[in-house]
Amino acid sequence: MTALPLLDVRDLTVEFTTRRGIVKAVQHVDVTVAKGETVAIVGESGSGKSVTSYAVMRILDRAGRIAEGSITFSGLDLRAADETEMRNLRGREMSMIFQNPRAALNPIRKVGRQIEDVLMQHAQAGSQDATAKAINLLEQVRIARPRERYHAYPFELSGGMCQRIVIALALACRPQLLIADEPTTGLDVTTQKTVMDLMVELTRQRGMSTILITHDLGLAATYCDRVTVMEKGHVVETATARAIFTAPEHAYTRRLMRATPRPGVSLRDLLPEDAARPTAQVLPISTDKTPLLAVEKLVKEYPRQGAAKSLKNLFRSGPSPEPETFRAVDGISFTVGRGESVGLVGESGCGKSTTSTIVMRLIDATDGLIQFDGEDIGAIPAKKFATLPIRKRIQMVFQDPTDSLNPRFTAARAIADPILRLGDVRGRDAVRTRCEELAQQVGLPVDLLDRFPHQLSGGQKARVGIARAIALRPELVILDEPTAALDVSVQAVVLNLLQELKESLGMSYLFVSHDLNVVRLLCDRVLVMRGGRIVEQGPTEKVLFAPEADYTRELLAAIPHPTFEQDKPLDHVRSA
Amino acid sequence: MTEIAANTPALPSPAGGGGSGMRPASGLIALLRHTRYVLSENPVTAFAAGLFLLIVIAAAFGPFIVPYDPYASNTAMALKPPSAAHWFGTDQLGRDVFSRVIVATQLDFFIAIASVALVFLMGGLAGVAAGFYGGWTDRIVGRIADTIMAFPLFVLAMGIVAALGNTVQNIILATAIVNFPLYARIARAEANVRREAGFVMAARLSGNSDARIVLAQVLPNIMPIMVVQMSLTMGYAILNAAGLSFIGLGVRPPTAEWGIMVAEGAAFMVSGEWWIAFFPGAALMVAVFCFNLLGDGLRDIVDPQRRT
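So the protein lines, in turn, are chains A and B. Heads up: the first sequence begins at 1 in this note's numbering, then just goes up one per residue. Heads up: the second sequence begins at 1 in this note's numbering, then just goes up one per residue.
Looking at chain A on its own, in the form it has when it is part of the complex (with noise of 0.2 Å):
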């Protein structure tokens, strides 16, 4: 390590005014980053990891100031600098990647010329080069085709080609500091895991230092040199990549290794050890060998859409090479027995939600059969399937907590919307007894209930949802991705009461996710689906372990592990 660090972060605290006094959202951190390193920030939402690099950028909003401590960036102290000599060191000396690509970019304008702006506007490029520089760029963050994809608005690129443009227009003036803040977060693992190995090799090249912001562990131990994990606005611990996995010194870090899903461990040693054991009574399962839910041959199909397509084939010569409609769902077949969960695993795009939503009866399938304790559920329209009986006994659970909570409605009144619809208990009295029942069984403290969902935090509002979906007693629940927007550790507490709650209510779960650590812990049974197709279906542990298909080969190596995790074992961290 040099003698001056890149960055050097002292004591910094920064305040927020609210309406509530004012708020430090981050305490005495120091956080120092040498030439050509590469450092993470790891921490659940809330504990000030981003607002930490929006100070080292000064891009903290109106609301927010840095209350003390120093922040000098390669001799020059940030803190001091006026907004101008800020403006000329973002993105020429130090930049920044955001979470949502898209978001990122400029929709109405070309990225070729997204990135000229960048090099014009730090005198990088003049108006005769700028063009040959700005597809030098692409070339090097491996877009293929580069000469055509210059003229590409952000729309027609995918998620994973968007990041990759972020990452050009970053590195467009050669700084020598990234700040990736969450950069693949919204992306599907084998994306993450190119344009993750990308960005290491491009800042490596370049002898640049980054730091990568991230919630992700794994990922932060695999791509970085030194890791700082943050928790509630404080630095808890500071130590190589090597040693916070092997031997994280801190509770917090511990209690956050032991959330994240990983191979070898089961449900119950995700939640800190000292947390009760639950003592419901393990419900028998029916001895009926029929299954529950039986899917056949399920076909959904899409109109491909957009004038623009329709005139472009008008004035095309020659037949049109596309077919007029698009597969989502193309012929899928399987079952979910009682007291079963099966798992549909797959890549954004991959039709696992089309399918669960026609499962779920909320669209109607373009062919196939669904039959539900053998009943051809497949033949009622979704129009009509909201009113009948037979709704009671399939249910979801949704991916965004936020989202699918009504938000003019109290956790009460979402909880009860069900019970008041379908249910046959009748009463205020009756209803709100009903509720704190069911608030209790999932966990949710009971004076909450009159609160607000934005009142509530994700996996209290998570608490909710899942509340909603056993209210009326389902034999058959849907879970759609229900942890993906929640932290690890309110992960692991969500998980554990979705598998007491199967056991203890003797519910059959068709778990939908794109994390197979997430569905190792609670499926008996996983199907991998691709491009509307199941590629490969088993036994959990057989496809985990030894997958067939090349796909899910694919996805299992994209989920990042540090490779020194084999040489000490985490069983040895968690008894330490």
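Derived by calculation from the structure, the hints in this document are not laboratory data. No experiment lies behind these values; they were computed from the predicted model shown. Glycine included, C-beta positions come from ideal geometry on N, C-alpha and C. Hints may contain errors.
[Claimed, not checked] Quick partial rundown of chain A residues pointing at chain B, CB under 7 Å, derived from the structure:
#, residue
1, T290
2, R391
3, R408
4, D417
[Claimed, not checked] On the chain A side, residues computed to face chain B include the following (Cβ under 8 Å):
#, residue
5, Y302
6, L362
7, A386
8, M396
9, P407
The hints should help you fit chain B onto chain A, whose structure is shown.
Showing chain B alone in chain A's frame:
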């Protein structure tokens, strides 16, 4: 705002209890507390709310508190400038302008409220249905709105009143119809965004019919923006009603109404008796100003996101 929200410590475990430390009080008290907060944060809204309160008092108790009978003519006192006895002076028939301005508040306020309520019902519901169902509903509502928009709005209002007759009901109806496209479009856009929202799907799973989802789930969510719109339209409705009266298509003299009073006073402006037209005009301006300012404040009060 979002930045702060993102950094409020989340509560991972249920054992934590109160995240915000403040127990949500029962509905009304919470609303009042929140209102007080919004007003104290935003002095302009507080000012507008104060004006609004004055208007409401004038509308409710006007006839009982004015010093003179607004319809009693007294030719001996005709065309007197503002004085201690007659604050706003007297008109050509010797009627007290101050009394007339105050008493007129009731009628103008009533026309505004009634037309806004009517257009909210018509435009709001049609728009929400159009946005939620799409397809033919959307097309029909959209074309109706387009047809109305194709006319100069005031001319359309004139036409409606001229065709249906010179009554207060018809002024209300005409004002509501010319505002229909505005409400239908806003409601349509807002409902359209929420059509695919998770909570709408969840409501379907809970066995709600489409109509119930529209009324009980979607409509309450677009209320904040509709309320803002209603406040802004209130000002426009008052102007519209006064404008119709001004050109002789509204309420008839001798009824005390700001538009007629301005029209009557306009003839005397040239000869120097400015107060007859000025004070009702000023009242009109203050009312419109107040409703426009209030719009923004109202949005903060009815938006649950701002109620922490």
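These are the hints, each one checked on the structure:
{"no.": "1", "hint": "T290", "verdict": "25 Å, violated"}
{"no.": "2", "hint": "R391", "verdict": "5 Å, holds"}
{"no.": "3", "hint": "R408", "verdict": "5 Å, holds"}
{"no.": "4", "hint": "D417", "verdict": "4 Å, holds"}
{"no.": "5", "hint": "Y302", "verdict": "15 Å, violated"}
{"no.": "6", "hint": "L362", "verdict": "6 Å, holds"}
{"no.": "7", "hint": "A386", "verdict": "5 Å, holds"}
{"no.": "8", "hint": "M396", "verdict": "6 Å, holds"}
{"no.": "9", "hint": "P407", "verdict": "6 Å, holds"}
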